[in-house]
Amino acid sequence: MADDVFKALADPTRRTILDELAESSGQTLFEICTRLSMKHRLGISRQAVSQHLAVLEAAGLVETRREGRYKFHTLNPAPLKRITERWTRPDQPESTP
Amino acid sequence: MRIRLLSVFVDDQEKALRFYTDVLGFVKKHDVPISGEDRWLTVVSPEDPDGAELLLEPAGHPAVAPYREALAKDGIPLAQFAVADVQAEFERLRGLGVAFTQEPLEMGGVTTAVLDDTCGNLIQIIQQP
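Heads up: the sequence lines are chains R and F, in that order. Numbering-wise (my numbering), the first sequence opens with residue 4 and increments by one. Numbering-wise (my numbering), the second sequence opens with residue 159 and increments by one.
Just so you know, these hints were derived from the structure itself, not from any lab. Don't take each hint at face value.
Said to hold, decoys possible - Listed next, with one range per pair, are the computed distances between beta-carbon atoms: (1) R:R18 to F:Y225: 27 to 37 Å; (2) F:V268 to R:R72: 23 to 33 Å; (3) R:S40 to F:G194: 38 to 48 Å; (4) F:L164 to R:T91: 51 to 61 Å; (5) F:A221 to R:Q54: 19 to 29 Å.
As the list claims (entries may be wrong) - List of simulated lysine-lysine pairs, DSBU-like, C-alpha gap at most 30 Å: (6) R:K42 to F:K231; (7) R:K74 to R:K42; (8) R:K10 to R:K42; (9) R:K10 to R:K74; (10) R:K84 to R:K42; (11) F:K187 to F:K173; (12) F:K231 to R:K10; (13) F:K173 to F:K231; (14) R:K84 to R:K10; (15) F:K173 to R:K74; (16) F:K173 to F:K186; (17) R:K74 to F:K231.
The structure displayed is predicted, hence computed values, not measured ones. Think of the CB as a built atom: it goes at the ideal place given N, C-alpha and C, for glycine as much as any other residue.
Please model the entire structure based on the sequences and the hints provided.
Shown next, in the form of structure tokens:
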């Protein structure tokens with residue numbers, strides 16, 4: 004599971020997709036593609052964006068929901084939290100019996 | 159060469175005519191019976207009545223349903239209409255009960271939004287500087 008998250012985060016385009024989903028939740032594939040090309044000048048194909056989304060979804064970082072005929076993508080930050088918790092532990096209590 | 163006519167497939171021509179005129183604000187240009195209940199039904203912009211026509215074409219052909227379903231799933235609009243103010247138009251249309259898959263969003267100088275035309279298609283509205 005963690006390997007999938009690291010692999011997903013290793014790619015700059017996928018990090019940009021996560022940035023965009025963090026800024027605006029619930030985007031269609033068309034909207035993600037438009038923002039990548041208009042805002043970030045990333046001229047990548049719809050198929051490539053679709054594949055990036057599949058990697059992010061497999062890692063649990065992106066979730067999709069169907070609403071009627073439409074499919075929307077949202078960011079799920081839970082796997083990131085698990086990564087940070089792996090190395091950062093809460094402080095030990097001052098006094099232990 | 160100029161663009162004369164473009165078509166969108168619609169589930170129900172009468173319902174489509176009402177949406178494209180009463181809600182979006184286009185005006186009917188041609189309405190000619192073709193065969194059975196089908197009509198040659200076109201609308202134009204009141205701002206450009208001699209400009210390009212939009213044909214509201216019956217969606218009965220078997221290729222249409224899978225084509226439109228696949229595009230709708232990914233949120234891909236089938237036409238783009240220019241408006242003076244996307245935010246104002248979004249609020250006006252939402253007030254009329256129109257569903258949007260993308261709310262107004264500024265993207266590098268242009269603002270767009272994407273709405274469901276209730277006839278099976280997504281339509282993008284755009285405001286350019």
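Starting from the hint 27 to 37 Å, judge whether the C-beta atoms of R18 of chain R and Y225 of chain F obey it. 33 Å, holds
Pair hint K187 of chain F and K173 of chain F, alpha-carbon separation not exceeding 30 Å: Holds - the C-alpha atoms of K173 of chain F and K187 of chain F are around 16 Å apart, at most 30 Å.
Need the status of pair K74 of chain R, K231 of chain F: alpha-carbon distance at most 30 Å? 5 Å, holds
Decide if the proposed pair is consistent with the structure: K173 of chain F and K186 of chain F, CA atoms, cutoff 30 Å inclusive. Answer holds: K173 of chain F to K186 of chain F is near 13 Å, not above 30 Å.
Check whether the Cα positions of K10 of chain R and K42 of chain R lie no farther apart than 30 Å. 25 Å, holds
Within a Cα-Cα threshold of 30 Å, do K10 of chain R and K74 of chain R meet the stated pairing? 24 Å, holds
So if I understand the rule, the pair passes when the alpha-carbon distance is 30 Å or less; does K173 of chain F with K74 of chain R pass? Status holds; Cα separation ~25 Å.
Quick one: are A221 of chain F and Q54 of chain R within 19 to 29 Å, going by C-beta? Because 26 Å falls inside the window, the suggested range holds.
For the pair we were handed, K84 of chain R and K42 of chain R, check the Cα-Cα distance against 30 Å. 28 Å, holds
With a cut-off of 30 Å on the C-alpha distance, tell me whether K84 of chain R and K10 of chain R pass. It holds: about 16 Å lies between the C-alpha atoms, which stays within 30 Å.
Just tell me: holds or violated, for the beta carbon distance of V268 of chain F and R72 of chain R against 23 to 33 Å? Given about 26 Å between the Cβ atoms, the range holds.
Would the hint linking K74 of chain R and K42 of chain R be met if the CA-CA limit is 30 Å? Roughly 22 Å separates the two Cα atoms, so the pair holds.
In the structure shown, no violation is registered for any of the earlier numbered hints.
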